[in-house]
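Chemist: Read off the chains here:
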Amino acid sequence: MIRFLLARSARAALTLVAVSMVTYAMFFLLPQDPVSAMCPKNCNAERLDRVRHDLDLDGPTVDGYLGYMKGIFVGRELDSAQGGYCEAPCLGYSYVNNEPVSRTIGRALPVTISIVIPAAALWLAFGLGLGLTSAWRPGSALDRAAVAVSLAGASLPLYFVGGLLLLIFTYRLGVVPVPHYTPLWRSPVDWASGLVLAWLALAFLFAAIYARLSRSQMLETMSEDFIRTARAKGLPPRQVYGRHALRAAITPLITVLGLDIGAALGGTVITEVTFGLRGMGRTAVDAVHTGDLPTIMATVLIAAAFIVIANVVVDATYHLIDPRARAQ
Amino acid sequence: MKPGEHPRARTGTRPSRSPGRLAWRRLRADRTALITGGIMVALIAVALAAPLIEMLYGIGPSEQFQAELDDFGMPIGPAGGVSGQHWLGLEPGLGRDIFIRLVYGLRTSLVVAFAAAVVTTAVGVLVGLLTGFLGRWTDGVIGAVIDFALAMPFLIVALTVVPTLTQRFYGPRDAVPASFQVFSLVLVFAVFGWAIAARLVRGQVLSIRSREFVDAARVSGAGLGHILGREIAPNLIAPILVSFSLALPAYIAAEAGLSFLGIGILEPTPDFGRMIDRSLGYLQTDPAYVLFPGLLLFVMVLAFNMFGDALRDALDPRAEAGPR
Numbered sequence: 067m068i069r070f071l072l073a074r075s076a077r078a079a080l081t082l083v084a085v086s087m088v089t090y091a092m093f094f095l096l097p098q099d100p101v102s103a104m105c106p107k108n109c110n111a112e113r114l115d116r117v118r119h120d121l122d123l124d125g126p127t128v129d130g131y132l133g134y135m136k137g138i139f140v141g142r143e144l145d146s147a148q149g150g151y152c153e154a155p156c157l158g159y160s161y162v163n164n165e166p167v168s169r170t171i172g173r174a175l176p177v178t179i180s181i182v183i184p185a186a187a188l189w190l191a192f193g194l195g196l197g198l199t200s201a202w203r204p205g206s207a208l209d210r211a212a213v214a215v216s217l218a219g220a221s222l223p224l225y226f227v228g229g230l231l232l233l234i235f236t237y238r239l240g241v242v243p244v245p246h247y248t249p250l251w252r253s254p255v256d257w258a259s260g261l262v263l264a265w266l267a268l269a270f271l272f273a274a275i276y277a278r279l280s281r282s283q284m285l286e287t288m289s290e291d292f293i294r295t296a297r298a299k300g301l302p303p304r305q306v307y308g309r310h311a312l313r314a315a316i317t318p319l320i321t322v323l324g325l326d327i328g329a330a331l332g333g334t335v336i337t338e339v340t341f342g343l344r345g346m347g348r349t350a351v352d353a354v355h356t357g358d359l360p361t362i363m364a365t366v367l368i369a370a371a372f373i374v375i376a377n378v379v380v381d382a383t384y385h386l387i388d389p390r391a392r393a394q
Numbered sequence: 277m278k279p280g281e282h283p284r285a286r287t288g289t290r291p292s293r294s295p296g297r298l299a300w301r302r303l304r305a306d307r308t309a310l311i312t313g314g315i316m317v318a319l320i321a322v323a324l325a326a327p328l329i330e331m332l333y334g335i336g337p338s339e340q341f342q343a344e345l346d347d348f349g350m351p352i353g354p355a356g357g358v359s360g361q362h363w364l365g366l367e368p369g370l371g372r373d374i375f376i377r378l379v380y381g382l383r384t385s386l387v388v389a390f391a392a393a394v395v396t397t398a399v400g401v402l403v404g405l406l407t408g409f410l411g412r413w414t415d416g417v418i419g420a421v422i423d424f425a426l427a428m429p430f431l432i433v434a435l436t437v438v439p440t441l442t443q444r445f446y447g448p449r450d451a452v453p454a455s456f457q458v459f460s461l462v463l464v465f466a467v468f469g470w471a472i473a474a475r476l477v478r479g480q481v482l483s484i485r486s487r488e489f490v491d492a493a494r495v496s497g498a499g500l501g502h503i504l505g506r507e508i509a510p511n512l513i514a515p516i517l518v519s520f521s522l523a524l525p526a527y528i529a530a531e532a533g534l535s536f537l538g539i540g541i542l543e544p545t546p547d548f549g550r551m552i553d554r555s556l557g558y559l560q561t562d563p564a565y566v567l568f569p570g571l572l573l574f575v576m577v578l579a580f581n582m583f584g585d586a587l588r589d590a591l592d593p594r595a596e597a598g599p600r
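So the sequence lines, in the order shown, correspond to chains A and B. If you use this note's numbering, the first sequence corresponds to residues 67 to 394, in order. If you use this note's numbering, the second sequence corresponds to residues 277 to 600, in order.
Hints are computed from structural coordinates only; laboratory data are not their basis. Worth double-checking, as some hints may not be accurate.
Estimated spans, in silico, between C-beta atoms of each pair [as the list claims (entries may be wrong)]: (1) B/Pro327 x A/Val255: 54 to 62 Å; (2) B/Phe445 x A/Leu239: 42 to 50 Å; (3) A/Glu143 x B/Ala509: 52 to 60 Å.
Just so you have them, the derived chain B footprint on chain A, three or more residues with Cβ under 8 Å [stated by the list, open to error]: (4) 245–253; (5) 363–376.
Just so you know, these numbers come straight off a predicted model, no measurement behind them. For each residue, glycine too, the CB sits at the ideal point set by N, CA and C.
Model the full structure from these sequences, guided by the hints.
Modeler: Pasting the structure below:
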């Protein structure tokens, strides 16, 4: 197990290094002049040169990249206009927000986490519930209705669902306040009421996908030999369905869940924009609109890191729960 | 369902038919496929005939009817100014006709989606074929590249790369032509989307190439080109068709999503994502404005998705009846 984890983590670290190189190349080499793009106002030639020197962009590309990576792990020295010494994890300084990027991220990340984790619990519960009920009697009216709902849900644009939810619950009925973020520790009620629409919109979309997935997994498992054996030895159908089949069918779902949560933690872009919540996704969009290169770079890097970490976690979980994966 | 009741159990007694023929028969017998296929064809026809529709309808996508708005810039009349002249009403503020903008929006959406799906599928198939067949170190290297491409957060990368790419070629105040917006979207979709198709094809190739008929061809002295093109490729048509048809709705949704964020297609080019983004500002005052583009986008993605499912069922002889 430990050897497996080590090997897997090493590969993940390699992937992360590759991702960081490509993102760095994308955002610091692709624009005509990253420095002037970063420092749009009141930047004279001397100041530009200083910033360029600070970011090691005046030498070879490799130096610039190594400087950036050094900043993340041990911190780096920046110009006084960039807030002076930037401690680890240093993701650079944003002229648009006038603060180190890590501070912006520190504010945005809790918002995204608060959106994703409860939403994931909701979508797993609803998706699995819907999928299991419809696979219980395939072809029945209930099954057909569930399939229709999940197909429709998977095709609805998130921002459209979000708009409708806002229109109905906030503007027409007035039962839910305009979406906002209050830290959980300050007021759990405000936290929940401010985010509930975002949870619902996100959960609706994903629940539809999970319902389809769990239904087809269950149908496939139910036609396997070990299910026939369980039935033949006279176990009650409920037990065959709920224990034997469910346990085998749920493993692929865990993979998908882990990867989805990982991807969502990098920023639920459309949800955040629709509901005006300032999480990682919204931060990325704003940075794109203001041409804030260091922030853009940081959001992409963090989002990729979440995906890579989620992959490792999923593999490790698989290793723990599925004897077949261990045997290999 | 008991095996005896299976509707396709009888096929075995019929005279033999080619797999393509069989799939076509199954598709034609499937009501869902017929309806959704019909909707798809209709939507594509409308998109193709957009200039003709504009001529018949008599209103262009950029024409403004400010005189028909009230003092607050809101359309007059039911459901956002629906009338005999403006079938789906007017946009608040600018006063453009919603119907003709939807017709042209369909065009934008389908052009991007088709181009992206064609490019990603083509690249993915080529890479998948080569890696799956050459094996050894090519497989390892390209497999790592595939892993890497799949590790990139797609939406975030797309939304950050498109403007950076635009910056490379256009200044902050230059007007970016619509063709460049379309091009950069397709490019970004291609760079990060090919890996999905490549992984699928690679897996298929790996399972097919160990079958007897491939060994037979190799033993009788067939070259790599022959084995790839004549022995393996025909067996890949079904999964490729399915992945292409399911990529279409995904790209339709992704394009609209990026444009909704203000990154893909920009004004004044008509586009669903842009329209929905604009309409959210009028959620309280003109809800009909949100409904029209939202519903059309929904119907389009749903039809393409359901058709893709039906196609998969028709192509897969082992598939159970009904969507999975």
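Chemist: Take the hints in turn and mark each one as holding or not.
Modeler: Hint check results:
1. Between B/Pro327 and A/Val255 the beta carbon distance is about 56 Å. The supplied range of 54 to 62 Å therefore holds.
2. In this structure, B/Phe445 and A/Leu239 meet the distance hint of 42 to 50 Å, their C-beta atoms being roughly 48 Å apart.
3. With their beta carbons about 58 Å apart, A/Glu143 and B/Ala509 fall inside the hinted range of 52 to 60 Å.
4. With a threshold of 8 Å between beta carbons, the proposed coverage of the region 245–253 of chain A by chain B is violated, since 0 of its residues qualify and at least three are required.
5. Counting residues of the region 363–376 of chain A whose CB lies closer than 8 Å to any CB of chain B gives 7, which reaches the minimum of 3, so the coverage claim holds.
Violated hint: 4 only; the structure is consistent with all others.
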